[in-house]
Amino acid sequence: MDFFYDMQTRRYLLQFMRIFSDIRVRNGPDANGLYTIQRVPIMYGDPSSMVAQLIKGASENTMLPVPMFSAYIDGIKMNDKRRQDSQFVGKVSTVEREFDALTQEYGPNPGVRQDVERYMPVPWDFTFKLDVWTTNITTKLQIFEQIAVIFNKSVQLQQNSNLLDWSSIFEVWLEDYTFTNRSIPQGGTEDRDVMSFKFKIEGWINPPAKVKRSGLIAEIVTQVYNVSDVNAIRTSIGEEYDPFSCFGGIPIQIVTTEGNYKISVANAGAIDHITLLNEFGQVDPALSWESLIQKYGQITPNITKIRLKLDPDLDVTDSDIIGGIEQDPLNQNVLLFTADIDTLPPNTLQPITTIIDPMEVWPGNGLPLAAAGQRYLLTSADSAGEEPAIPPNVPTSPWGQMLVAYPNDVIQFNGINWVVSFDSQNSVGLNYLINNTNSSQYRFDSTTREWSYTYLGIYGAGYWRIDNIIQSPNGTTISVYE
Amino acid sequence: MGRISLWNPVKGDDFNFIDRTIGENFRIAGDGILIHMYEGPTTDSNGSTDTSLTTIQDVLFLTNNNRKYNPNVIELRGHHQPQDVNYDLSQFGVFLSSDTIRITFHYNDMLDSLGRKLIAGDVLEFPSMRDIPIFDNAVGINRYYVVQDALYAAAGYGQKWFPHIWLVRAKLMTASLEFTEIIDQAATGQTAGGVGQGIGVMPDGFTETSDANGNPGLGSNPNIKNALDLFCKIIKITDEVVKEAECNAFFDPKFFESANLYIYLDPNTNYPIIGSNYFSGDGAPPNLSTDNANNLVPSGPLVGAGVAFPPGMTDGQYYLRIDYYPERLFQKQGNCYKLIEVNVLKSWTAYNRVLDTFIDNINDTVLSDGTIIPEKQAVSEVVKQKVDLYAERKIQTTATEATRSAIANERAKIKPN
Numbered sequence: 001m002d003f004f005y006d007m008q009t010r011r012y013l014l015q016f017m018r019i020f021s022d023i024r025v026r027n028g029p030d031a032n033g034l035y036t037i038q039r040v041p042i043m044y045g046d047p048s049s050m051v052a053q054l055i056k057g058a059s060e061n062t063m064l065p066v067p068m069f070s071a072y073i074d075g076i077k078m079n080d081k082r083r084q085d086s087q088f089v090g091k092v093s094t095v096e097r098e099f100d101a102l103t104q105e106y107g108p109n110p111g112v113r114q115d116v117e118r119y120m121p122v123p124w125d126f127t128f129k130l131d132v133w134t135t136n137i138t139t140k141l142q143i144f145e146q147i148a149v150i151f152n153k154s155v156q157l158q159q160n161s162n163l164l165d166w167s168s169i170f171e172v173w174l175e176d177y178t179f180t181n182r183s184i185p186q187g188g189t190e191d192r193d194v195m196s197f198k199f200k201i202e203g204w205i206n207p208p209a210k211v212k213r214s215g216l217i218a219e220i221v222t223q224v225y226n227v228s229d230v231n232a233i234r235t236s237i238g239e240e241y242d243p244f245s246c247f248g249g250i251p252i253q254i255v256t257t258e259g260n261y262k263i264s265v266a267n268a269g270a271i272d273h274i275t276l277l278n279e280f281g282q283v284d285p286a287l288s289w290e291s292l293i294q295k296y297g298q299i300t301p302n303i304t305k306i307r308l309k310l311d312p313d314l315d316v317t318d319s320d321i322i323g324g325i326e327q328d329p330l331n332q333n334v335l336l337f338t339a340d341i342d343t344l345p346p347n348t349l350q351p352i353t354t355i356i357d358p359m360e361v362w363p364g365n366g367l368p369l370a371a372a373g374q375r376y377l378l379t380s381a382d383s384a385g386e387e388p389a390i391p392p393n394v395p396t397s398p399w400g401q402m403l404v405a406y407p408n409d410v411i412q413f414n415g416i417n418w419v420v421s422f423d424s425q426n427s428v429g430l431n432y433l434i435n436n437t438n439s440s441q442y443r444f445d446s447t448t449r450e451w452s453y454t455y456l457g458i459y460g461a462g463y464w465r466i467d468n469i470i471q472s473p474n475g476t477t478i479s480v481y482e
Numbered sequence: 001m002g003r004i005s006l007w008n009p010v011k012g013d014d015f016n017f018i019d020r021t022i023g024e025n026f027r028i029a030g031d032g033i034l035i036h037m038y039e040g041p042t043t044d045s046n047g048s049t050d051t052s053l054t055t056i057q058d059v060l061f062l063t064n065n066n067r068k069y070n071p072n073v074i075e076l077r078g079h080h081q082p083q084d085v086n087y088d089l090s091q092f093g094v095f096l097s098s099d100t101i102r103i104t105f106h107y108n109d110m111l112d113s114l115g116r117k118l119i120a121g122d123v124l125e126f127p128s129m130r131d132i133p134i135f136d137n138a139v140g141i142n143r144y145y146v147v148q149d150a151l152y153a154a155a156g157y158g159q160k161w162f163p164h165i166w167l168v169r170a171k172l173m174t175a176s177l178e179f180t181e182i183i184d185q186a187a188t189g190q191t192a193g194g195v196g197q198g199i200g201v202m203p204d205g206f207t208e209t210s211d212a213n214g215n216p217g218l219g220s221n222p223n224i225k226n227a228l229d230l231f232c233k234i235i236k237i238t239d240e241v242v243k244e245a246e247c248n249a250f251f252d253p254k255f256f257e258s259a260n261l262y263i264y265l266d267p268n269t270n271y272p273i274i275g276s277n278y279f280s281g282d283g284a285p286p287n288l289s290t291d292n293a294n295n296l297v298p299s300g301p302l303v304g305a306g307v308a309f310p311p312g313m314t315d316g317q318y319y320l321r322i323d324y325y326p327e328r329l330f331q332k333q334g335n336c337y338k339l340i341e342v343n344v345l346k347s348w349t350a351y352n353r354v355l356d357t358f359i360d361n362i363n364d365t366v367l368s369d370g371t372i373i374p375e376k377q378a379v380s381e382v383v384k385q386k387v388d389l390y391a392e393r394k395i396q397t398t399a400t401e402a403t404r405s406a407i408a409n410e411r412a413k414i415k416p417n
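From first to last, the protein sequence lines stand for chains A and B. Counting from 1, position 313 in the first sequence corresponds to residue 313 in our numbering; the numbering is continuous, with no gaps. Counting from 1, position 199 in the second sequence corresponds to residue 199 in our numbering; the numbering is continuous, with no gaps.
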């Protein structure tokens, strides 16, 4: 059993003693007719002998002050009548205000969201006793009268002021009272006169709580199966724990998200822009990333990431592109996106210098003179791919009479001639390269025979997700996503 | 020749011889004990300060709580038997297992020195038992006992059957109301309770509490008082307990520290969504500073605080009404002012909020004739008649009853039934 201790009984006792910590008595009049008001101290009634002697100054001559309170635990007993569902787990969701760790101040916007799970505490009744030592009955009655009006017949206190502690409020009941410990008549001995109160506190002892990142549902994916035989489904459900596991293949996935917003990821120079689109894929300047994200938490620079899903199957995450985001200060519907290099697919081809139409520009005409290592991705205004972008056997061709290259090919100058470095007509699978002009990565799919940006484009609902949107109070990111 | 008899109602020379011998024994071998003579209560039951030794201060409970002691301390020589004691741990701290001491004094020397017998209430101070507590700045302090009862000692009767010795049973003194003057006198060095001060017998390292001229006793010395009276030590412990309790719940019960939690606002109206979370109960608009002084900015959400809503409040603005108890925060929502939350921040008390206003009450009431009276008054004292309007009726009633009672007594003498 792992250790835990939350000082719960101690807190009950502290608040109990606090009740009597400011009771006062009036002394006097003295020889000058003046009165004095004196607080009655309170001390725990079962001190260690060593500390008690230290308080006494290790001297027989020091004098204990009178009157004085003494409070102590007389007994603790479980109360079966107050027992509730003993295995109940109470959950509560909270959203903290955004917190600036640097300035140590809370801001006006929502911050981290946390779910708190509390296990049913155990009902224990505490019996606390309060002894009052007095040296005369006048003082005793002064104290009695002040305590007597507090308990009618109980007072309600807090053992702490945490809103989420469901046992923070407790009741102190005055159960019994003894005016004096002495017998009347006293006889030959004069004992210390002690007035005693007995109180019952209906307390609760809690096990530790669980604090989790909020389980707020941000996305619902509904699996729809193309099966018409209802009886077959019924049979399968009866036989299998997971009804979805009994069918093979990828189901149709219907994604429902907050607002069903789409996004547009576009290159904007050195940094990419992610624009929030409405459910129809249209730009709406009134849309606000901040408003949307506030429903879930907050963006924490360098921690909060956006995930762009490239694979049509939402359950496949291998090809996800992940990058950091910041709010564009100029446009509320735009995030500034920096893709994490590590999440980009590895380049299979050398970077290109730029993309050109070889019939429009060539070395010395819109392009620098040929130099070894120059690489161009070809496109063509005249050919969709069936015709070469650089036809052969053209004596005046600036690319060389023998070069044949098609749109989507990459050509490279080897120091003597231009040659085809990437043959799009005969490539297989996926190929990736970087365009040095804009630092963007491009992907060539041999199936579609098209180049495209690796991750730029429109993403539908469910195909983008913001991760690490919540930050725990100590600044560490809660990594468990539920 | 008369019969031989030791008994003679006249004490005579034999008695005097034996008495002087016994007295000499006390003077030579006795412990020097300082006597703080009780002089009576500070007031009598009517509040008069004209009291004597036999005045009873509280005639109902028969107690003398506020006592006067003669500041002029007188030394008497007494015999007592030192005994081994243990510390006895109680719920109030440690006591001595035996806090009672029996001391015998020479009766006639006592009368000569004090002018009366030692009686219950007198305080005995023992310089021989002087000790230094381990506190910082502690000074040496004597031990104090209070006389519980005083009688002739059985062993003190002489051959002529006359007593010579006065036996006193005394208990350790407490730092209580009854002995305030004793402790004050010791602290001010007015009595030999400050023995050791200014006469060079203080141990090394301990502060002399004498004045500039070496005379003990100008002003109260807190080091003496705190060494003698543990009140400051124990009230400090109490304060530490309260301090720890405050860490758990600082403000009055029912307040929750939830200002760190976000309260959702309706995006269309900017009105707080009640139930989206708990208000912190600080009287501040949601999600802003808990200190409204920071929230009072021009055209800000909080317009101000006062006893009436100001004109010109716009939709969504807040206003704190301080004429309510507790204060209430309102928000203008359309054409109405909606209660948002109350300010429950107040000092912690054990009793409920309403009872608070009756007990912790320093308000004054100004009557229509300009008289200012405290609002807080005992129920038995409220609106009492300023003069006794029934004084004459009381005299008449008393006289009538006396006449009737006298007749009844006369008749009872004649026929008892």
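Hints may contain errors.
[Claimed, not checked] Residues of chain B clear of chain A, computed beta-carbon distances all greater than 10 Å:
(1) Thr21
(2) Arg116
(3) Asp131
(4) Tyr152
(5) Ile373
(6) Lys413
[Stated by the list, open to error] With a straight-line Cα cutoff of 25 Å, these simulated DSS-like cross-link-like pairs (lysine-lysine) come out:
(7) Lys346(B) to Lys236(B)
(8) Lys129(A) to Lys243(B)
(9) Lys153(A) to Lys254(B)
These aren't lab readings, by the way, just hints derived from the structure by calculation. In this text, a Cβ means the ideal position worked out from N, Cα and C, and glycines have one as well.
Evaluation of the provided hints:
no.	hint	in the structure
1	Thr21	holds, 32 Å
2	Arg116	holds, 20 Å
3	Asp131	violated, 5 Å
4	Tyr152	holds, 17 Å
5	Ile373	holds, 19 Å
6	Lys413	holds, 35 Å
7	Lys346(B) to Lys236(B)	holds, 23 Å
8	Lys129(A) to Lys243(B)	holds, 21 Å
9	Lys153(A) to Lys254(B)	holds, 18 Å
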